[in-house]
Amino acid sequence: GEQVEQRPPHLSVREGDSAIIICTYTDSATAYFSWYKQEAGAGLQLLMSVLSNVDRKEEQGLTVLLNKKDKRLSLNLTAAHPGDSAVYFCAVSAVGSALGRLHFGAGTQLIVIP
Amino acid sequence: DPKIIQKPKYLVAVTGSEKILICEQYLGHNAMYWYRQSAKKPLEFMFSYSYQKLMDNQTASSRFQPQSSKKNHLDLQITALKPDDSATYFCASSQDRGFNNQAPLFGEGTRLSVL
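Protein chains in written order, with this note's numbering: chain A, 1172 to 1285; chain B, 982 to 1096.
Source of the hints: derived by calculation from the structure; they are not laboratory data. Hints should not be assumed to be uniformly reliable.
Stated by the list, open to error - Covered by chain A, according to a simulated footprint, are these stretches of chain B (three or more residues, beta-carbon under 8 Å): (1) 1016–1027; (2) 1032–1039; (3) 1083–1093.
As the list claims (entries may be wrong) - Computed from the model, here is a short list of chain B residues facing chain A with C-beta under 10 Å: (4) PRO983; (5) ALA1012; (6) SER1067; (7) THR1069; (8) PHE1080.
Source: prediction; values computed, not measured. Just so it is clear, CB atoms sit at the ideal spot from N, CA and C, and this is done for glycine as well.
Could you build all of it, start to finish, from the sequences and the hints given here?
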């Protein structure tokens, strides 16, 4: 089955710096890629999603890069601010019998220091 | 206003008892899901429903039974509760299982503690 590895588990950056989180996956049928943010005690907030035919997507200070050859997905928060402090999860989904099933990474605890 | 409502937010149960976790979505979505988040494991997919029909079940134990009385409802009944069931249970929904329009959106979760 699909295996999703996410790194780093913990990340501290200073306000204004960029933060990069990387996920790798194993299933070649993986077709849908998402990033979620979870603040303390809250649910998961969808940040951005890309389909497998997209290599790069930028929205509101976030950049998602997809390298299908290496089965690697990354999230880059440019100019991080304290409000970005949270746990970030990548989530991937394949087609076929696994349609609709998200596989999550273990999460990255991001702390943005003012 | 939250569009995916989960009740209760916190739940304490004794071992061996039964509880029902409630989920309603007001997004007009056709697919609904349950996920579990515990201290020991990453977020785990449990079930998916589409048009009130079970489409995918990745939960080994029959103690977990989803129930869909209406298109926008997907409750989760858990019987014979064990301490290992302690986790936060998230309900999610999407327009369809193919995520054509958007990835699933999640509720705030129900935090279950089994003593």
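Item to check | Assertion that chain A covers the segment 1032–1039 of chain B - criterion: three or more residues, beta-carbon distance below 8 Å | outcome: holds (count 3)
Item to check | Proposed interface contact between PHE1080 (chain B) and chain A, which counts if any beta carbon pair is under 10 Å | outcome: Hint holds; PHE1080 (chain B) Cβ to chain A Cβ min 5 Å, cut 10 Å.
Checklist entry - At a threshold of 10 Å, is the proposed contact between ALA1012 (chain B) and chain A supported by beta-carbon distances? => result It holds, given that the least Cβ distance between ALA1012 (chain B) and chain A is near 6 Å, below 10 Å.
Item to check | Stated coverage of the segment 1083–1093 of chain B by chain A [criterion: 3+ residues, CB within 8 Å] | outcome: Check passed, 8 qualifying residues.
Item to check | Restraint outcome when PRO983 (chain B) is required to lie within 10 Å of chain A by C-beta distance | outcome: holds, 9 Å
Item to check | Status of the hint placing SER1067 (chain B) at chain A (closest C-beta pair under 10 Å) | outcome: violated, 16 Å
Next on the checklist: So is the segment 1016–1027 of chain B in contact with chain A by the C-beta rule, three or more residues under 8 Å, or is the coverage claim wrong?
Outcome noted: The restraint on the segment 1016–1027 of chain B holds, since 5 of its residues have a Cβ under 8 Å from chain A and three suffice.
Next on the checklist: Next item in the hint list is THR1069 (chain B). Is there a CB on chain A closer than 10 Å to its CB?
Outcome noted: Result: holds, 9 Å to nearest chain A Cβ.
Of the numbered hints given earlier, the model fails hint 6 alone.
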